[in-house]
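Each chain, letter by letter, is given below.
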Amino acid sequence: MKKTMRTMLAAAAAGVLIAGVSGSLPAQAQGVPESDESIKLALNEWTGQHITTYVAGELLKQMGYNVEYVTAGYYPQMTALTDGTIDATLEIWSSNIGEHYQKSLDSGQVVEVGDLGLAPVEAWYYPDYVAEMCPGLPDWEALKNCSELFATADTYPSGRFVDYPPDWGTTNVDRMRSLGLDYVNIPAGSEGAMVAEIESSVANRKPLIMQFWAPHWIHAVHDMTIVTLPPHEAACYDDPSWGINPNDVYDCDWERGYIKKMVWLGMKDEWPAAFRFLHEYTLTNADQEPMMKAIDVDGRDIVEVVQEWIGNNADRWKPWVDKAMM
Amino acid sequence: MAVTDTADLLERVQPLKRLGAGWSVWIVTGGLAVLLFILSGQIDWMASAPKIPVLAVADWINLFMDWFVDNFRGLFKAISWALQGPMGWLRGLLLWLPWPATVAIVAIICHAVGGWRLALFATGATLYMVVVGYWTQSMNTLALVGVAVPLALILGLSLGILGHQSARARRVIEPLLDLMQTIPTFAYLIPILLLFGFGPVVGLIASAIYAAPPMVRNVMLGLSRVPTDIVESARMSGATERQMLWWVKVPSALPTIMIGVNQTIMAALAMVIIAAVIGSSGDIGWEVLSTMRKARFGESLLAGFVIVLMAMILDRASRRAAENQGMPKIVSGNFFQRHTHLWIALGVAVVMIVLAEFFSPLRDYPKSWVFQPAEPLNNAVKWLNVTLYTVTETIRNWSFYYFLLPIRLGLENSVRPFSWGFEMTLPVKIGYAALVAAISLAAYRFMSWRVAVAVVLVAGLLYFGVTKAPWPVIILVVTVLAWRVGDWKVALFALVGMLFMLLTGVWGFSMQSVYLCGAAVLICFVVGGLLGVWAASNDRVSTFMRPINDTLQTIPLFVFLIPIVMFFSIGDFTAMLAIIAYAIVPVIRYTEHGLRNVPPDIVEAARALGCTERQVLFQVKLPLALPEIMLGLNQTVLFGLAMLVIASLVGTKGLGFLIYVALSNADFGAGAVAGLSMAFIAMITDRIIQSWSHKKKIELGLA
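Those sequence lines, one after another, are chains A and B. In terms of the numbering used here, the first sequence opens at residue -12 and continues consecutively. In terms of the numbering used here, the second sequence opens at residue 494 and continues consecutively.
No lab work stands behind these hints, which were simulated from the structure alone.
Calculated cross-link-like contacts (lysine-lysine; reagent style DSSO-like; alpha-carbon spacing at most 30 angstroms):
hint : chain 1 : residue 1 : chain 2 : residue 2
1    : A       : 255       : B       : 570
2    : A       : 90        : B       : 570
3    : A       : 48        : B       : 860
4    : A       : 131       : B       : 961
5    : A       : 90        : B       : 544
6    : B       : 570       : A       : 48
7    : A       : 280       : B       : 860
8    : B       : 875       : A       : 193
9    : B       : 875       : A       : 280
Which residues of chain B face chain A? A partial, calculated answer using Cβ under 7 angstroms:
hint : residue
10   : 691
11   : 785
12   : 890
13   : 1055
14   : 1064
15   : 1158
16   : 1159
Glycine included, every Cβ here is placed at the ideal spot set by N, Cα and C.
Generate the whole structure from the sequences, applying the supplied hints.
What follows is the structure, encoded as structure tokens:
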């Protein structure tokens, strides 16, 4: 479908798209870019992902490509990848993928091009001062006796647990049930709501327990500790007999996963060098965290921050570009 | 005075006759309700609504959608590609023009349609966009609206004409318009996402589709109101059907059509912001949304204000243009004199473009000149959060204990020693029943039996809770209510709507929404009503409140979510406040409007009879304005439901949440079922209130 559309409209489209995307540098190597068609990179809902995407995107622009950043939901982007509506998404958390992920791989049109190199953590967090209020933390069993501490008017007498937004995919409702913890999962609607919740709780030293993740700039501003849950094992998610609750699944921690880059297979033919570049591309927590802080805490412009990183880290990205240009 | 007196008199003189009709129905209903309630304690399927759909409507819709997407996606992609061109050009043009040129052109256009004051306002507003550093984003948004509005107008005009000319088309179009206005905007986004893919064009298409209905309505209305003598004389002059339409009917319907144009522009602007959720980047909607995601209130407020200003300019300019349509134009002078504004605008643009070549800050407003007072705003919120902590915490807890939880779970489940100080023991229950009986009797004695029945219904609901009351009881009572207030058609509609929610497995979510929305609407009604009364009696208050109302209606509400979360934490209470902020406006407006439009001779007569101002208000003005106020309440219910989806960004569990999840999973079926359920709730409420208001108007001799 996409190919026929492309050949049909390519000639006319080129003009329009060039008009739409400005600022691309002249090609640095022979034959690159192989196509003037924009490479569409998916932007999801959190800042870290934006950084990952912009670093790759700005580097691709330097290589001479036209790049378009496309806002897309975490799950729908998988469908969009299968027909090249979106060409690549660069921060897929293995701990949180859902059925759309497998479906898109099964289509044969989507490939994984290696790990991003980021070490992600998804876990239950609490601000450090909460440890004094609920003795026994960070061990999860301490939470059994603290449910009233975390209770609020709307959840009393159960504790209040602030969970991920429903559309991010969370298994905490099962986890609570399986671990026998008396907490009500309150879905946060968005990253902003979660951050506001943390800010407000810390400012007033209010008890708070919630699902959160790292890398995130909030860790540069507030001290938060991870609750130690029974360690994750694959069996825990599908074998009820595994773990401390013999009759239920999810009686363990979140998976300490890794982060994958996913690419539409068609890229290989349309922009071979860009495809090789995305394969080489990596980014670490140490790269991301200062940039996150610059953007979200200091309120700086993302492109400016990313350009600065690119300017200071030529030794990091030169090899990727060189390999790609071969 | 005379009118109400007669009504009251009738009410008292003929109680027995009236009792005969309505009373017995409610006695029977009450008996049935008790029976159903007892049964639902015994029978499982009556106790809790099915969680798994009995009718897999969502799956059917998805199957159809899959087929549709597979077969027609190419077509829709081609449309989306075709629209990319004009949008890209407009965007390119707006970004290429130096900002002083654009500011000047906007001011000149505003002067042409609305005179000096509007021009001055427009200049200030556009300069604000430049100074706070959101110029590029503003121009991107303007480009989106600039393509979406003509599209919506063409779509609206053609559908409107079609509906005017063919009765069969009208029968399809009218219910479709009703549905489009009640289904929450977010639910539209899913099929558009599936058909058109991602990117800014999606937002464009969404807003064009969303903005078309007001145009359709006004075109149909305008054309149908063209005076017959004009049509007759045209026919006698031998006009063909085509000439009749374009040379006679459309020109004479123009004032009404222009009102449609105005509403379309406003709707398009509102939708452009919402569409940022699924795909756009670099426009104001995106800016508001992404600053909200970072919990940066200051920036999102400043960005949100751009939308308010843009809406105000577009609204006033297009409304003035509509008013000008009615006036005859005096055309004189040569070509240049007749188009002074055009030539001045062109001249200024050229001068600015040339100047910008030599003096670069005119081309790109320097970053160092940007004045963005976001940090003080952020700090103010933080400071207030800490300072007011005990206050906000108390408000939140009290609202939950004594207001939200009783509505949600019922007094039966929410009265606890730690909050109320006592347990719901048998004596307490008997006391409650006695109290309700006493109030109901008093209501019967001093007001009417209808009020007495209403007291019993509300008390019952409060005792059992909206989400806990067994579904057969709710369905029975609402159906009977719809029948008694309206007619059997309204009752049938209500029954079908509720069965839909029940059988598609979303009953629980629906009741969550009814509870949250109901609580918000209740507060809107009381607070908004008071504000409306105040504004009606005091011109200064009225002028003070108008811009606040305008702002609340146009500012993207994402802006307020963060501070409300800071103060009141994630959850129902925060969501309720967000809903109130948006939905309170119609009650204020309609109350004020209704009170101010009470026929002055009646008020005069009352004063002449020696009524005090208080009596005039409570016994003359309010009863006469009540039908109008109820229409405002009706709007509030619609707005509240629409806001539920946005409120789910701060964590709720009703239909809004379902739609939000469906949107992020691109699950059209689930979104459509939740959206239709919301539309049903809105339309059932709407019909009941409309019938009531209509009857009341006839009773008062106003209709």
